[in-house]
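End of the sequence shown sits at 1011 in our numbering; the numbers just go up one at a time, nothing left out.
What the hints contain is simulated information worked out from the structure, not anything from laboratory work.
Where hints are given, some of them may not hold.
Unchecked claim - Calculated lysine-lysine pairs in the DSSO-like style (CA-CA distance at most 30 Å, straight line):
no. : residue 1 : residue 2
1   : Lys350    : Lys422
2   : Lys789    : Lys409
3   : Lys918    : Lys584
4   : Lys83     : Lys67
5   : Lys918    : Lys589
6   : Lys48     : Lys83
7   : Lys350    : Lys409
8   : Lys322    : Lys789
9   : Lys827    : Lys761
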Amino acid sequence: MQSKGLIKLFAFLFGLVSIYQLSYTFITNNVESKAEAFAIANVAEDQEDYLEKREALEAKYLDSIGKQKILGFTDYNEARKKQLNKGLDLEGGINVTLQISVKDILIGLANGTKNPVFNKALADADAASRESDDTYLELFFDAFDNIKGDTKLATPDIFYTRGLEGEINANMSDDEVKPVIRKKIDESIESAFEVLRERIDGFGVTQPNIQREGTSGRILVELPGARDISRAQTLLSSTAQLEFWETYRPNNQALQGFFFQANEALKGLVADTKEPEVKEASEIDSLLSDVSQDSLDLATQRNPLFEKFQIGAPSYAVGVVAIKDTAEVGSYLRIKEIRRLLPAELQFVKFLWERPQEGSETVELYALKSNREKTPRISGDVVSDARADFDIGGKPAVSMSMNTKGAKEWEKLTGDAYTNQTGIAIVLDNKVYTAPGVSSGPISGGNSEITGKFTINETKDISNVLRAGKLPARAEIIQSEIVGPSLGQEAIDSGLMSFLIAMAIVLVWMVFYYGKAGIFADIALLLNILLIFGVLTSLGAVLTLPGIAGIVLTIGMSVDANVLIFERIKEELAKGKGKAQAVADGFSNALSSILDANITTGLTAIILFIFGSGPIKGFATTLLIGIVTSLFTAIFITRLLVDWYIGGKDRRLDFSTPLTKNLFKNIDINFLSKRKIAYVFSVILVGIGIFSLATKGLQQGVDFIGGRTYQVRFEKAVSASEIASELNTEFGSGTQVKTYGEANQIKITTAYKVDVEGIEVDNEIQDKLFGALQKYLPDGTSKADFITGGGEASLGILQSVKVGPTIADDIKKNAFLAIIGSLAVVFLYILIRFRRWQFSLGAVAAVFHDVMIVLGIFSLLGTAMPFNMEIDQAFIAAILTVIGYSLNDTVVVFDRIREIIGEKGWKAGENINLALNSTLSRTLNTSLTTLVVLLAIFTFGGESLRGFMFAMIIGIIVGTYSSLFIATPIMYDTLKKSVTSPIKEKAKAVEQEKVTA
């Protein structure tokens, strides 16, 4: 091998850089372990808010030593930025896909127009978006074109407005207006992206990730390590629409009269079909029904409004309602017949709820002075600065400063409130945060303060979103994955365990099978692992649990390359060649097979990277990196070590051990003679699978059908069927509950309100889950602990996933494209490499055979196995990996067939059998090694990987079988006519010449 010195230098520098890159991870882990130990030692477990105080103390410790030099070249703050990024499934946190509402942006550009054609086009676009893959904007344009008649986009009540003056004029055609609107939409989405980026930067998590997804209006946000999930969701979806309103006085006679008239009117509108239920009154029910007996006579009649609503409150609110009844009371106050009862001076009143306080069961209702346009007195765009502060009583608050225009409006508003003895409601995203009165006349200067029952984190978040500005439109969470930190740590432990076990098995096996040569392969393998982690760190890639699986699979592929090399060297030695020549020829002859096998696997990994998302993209990333580093270490590092060893005097290297020396020698199996039996066997297997797919189908996960899943852990074993019965009462039929791993762990899947966006729905479902499952939890478990995984006890919701129906359709489409794309690309590659379509046909037929068997097994055994066998993105990753592995195996066999036929000719298939027998040692060795590795991950890698690994295990088994009994026989049967025909023609010509002579 030439350039040995250059390769040694490159390997040394590559390894050194990898160690350097990984040093930041070791430094960070060491410092954070010390911070955790410090916090645990200084916070008593029986203290109130133990976890919150412990986290605060950890943060304080890390902040105090953040800039202290470590090892003379870095500090903690720098090391944290350069450490190996861990994915959500390893560190916990939140991963969401936000959909910026293009509809809201269009309405804003049109100044909230009432134009019927415009609004009908919006409604049609809404309906079409549920079925189409086109963007909302294009659907709106299509809908508008279909119904516009003589109406143009550039009319004064659509897009020819003051806000678009200079860009759109009345003479422009629709085709001229559309590019302007597209540009404005893109600018608004970019604005939303920047607003979210600023908010996230102030949130305080390590290495957040935010990126736009093409032109779809979707924004992907990953917050690894985020502990307070509800806080993160609020931060991301809040539009930060700050408004200042003047309130009505609670004792306003006209307002109180309206409520009594509304109650009377509702008696007729909300007709009783049965007697009111008699319930045992709780403390809160008693409080809310404490209304004078002369106005309410519950013994003789029903009062629809006053049964839920109590007039009066100790503030500028007009009444109090239980949180659970806000939706019903709000619906009453929106009924047209009820709104008509408002007197003239109240006809534009705006009712808003206060922001619910932590631990409270009630909220107050405010009546705000509005106008025909329903616009506030002051909007939040006048706020020039906001900061977390403390009020005069030392409680957390938010201080704000306004610009000149805002200061003038603020002085006028506070003056009116002082004169009218009313309050000023400070409203953020349609929730009243506070409504103070004005006791000393107009307030000049534009400075104000938002007070309430806030935590310090809440005031930080509010000031953060106010500084960053409001979103130009709603940001709905259409997909989310939330992983508790305890589950993340378990994933790290199980992933590390499976990794170490797989490594140990492979290292021992290589030494057992190949002796001293196996030691050299092991050294190359260990360097390979170091390089993979080093490259991942230097690229800023994210390590996920499927990523660890990808690395472990890379171990198998690295072994495959060494096995190919060693088997070829053994063949050359058997021919009587000297050590040096046998090694040189063995490496040279194995190179073609190694490259072909790794390229086909790499092509499927690239497709997986393009069409996958989240952890699946992480799997593809590590697989691609592993392919490159495996090639380098197997071809160059192993060669350097072998050459070094055989270069010494009296050193013997047999590439085998006494126990394995004669394994697979002199094997002469007539594989082709058994092809008809294999065809029948495979047709039966595939037929059973297709029948099961047609009748039973597959268990599709929420990735493909939409919905929500929750992984919940209890202290003791629970009955999945019993819980399913209770949850079906809460969420309706169709809610699935399965035991997930241990008997004290379940997975809940529900489609309840999956097409309804908003944090309110998430909170509603969490409330229902907590209410239904509370009796299975230890006494005293709070809702907060249940939602976050039970704190230190790791009980409650460990992981939750939400996938909206729209994005589920996109995931399903991408999965289909990924599989079809991988088959097409590999077909073309094999066609180019082997120059005959018969080879491509055999390979693709074998892959199709393997995929159908895996799908059939998942259909047949979907409900019988004690682990999750749902079809989701991870399953598609497994299928693509099976395709890559099956092709890897097939290509190695084909490569040897091509080589032997080129040397010895066709000979009616004899040399094909010879090729299959000569590669049998490599085929079984690699397959068994990879299979053992996958079994280690399946056993020790955690519940979330079991279905994924099971698919790959089945794929490895059928892939090994198909390369011998499906791919090669199909290639042989389709190729033999075109090969033997020229031979027969030549023989016939020779016979003819003899006759003529």
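Evaluated hints:
no.: 1; hint: Lys350 x Lys422; in the structure: violated, 37 Å
no.: 2; hint: Lys789 x Lys409; in the structure: violated, 36 Å
no.: 3; hint: Lys918 x Lys584; in the structure: holds, 20 Å
no.: 4; hint: Lys83 x Lys67; in the structure: holds, 27 Å
no.: 5; hint: Lys918 x Lys589; in the structure: holds, 16 Å
no.: 6; hint: Lys48 x Lys83; in the structure: holds, 16 Å
no.: 7; hint: Lys350 x Lys409; in the structure: violated, 42 Å
no.: 8; hint: Lys322 x Lys789; in the structure: holds, 27 Å
no.: 9; hint: Lys827 x Lys761; in the structure: holds, 26 Å
When the structure is compared with the earlier hints, violations turn up for hints 1, 2 and 7 and for no others.
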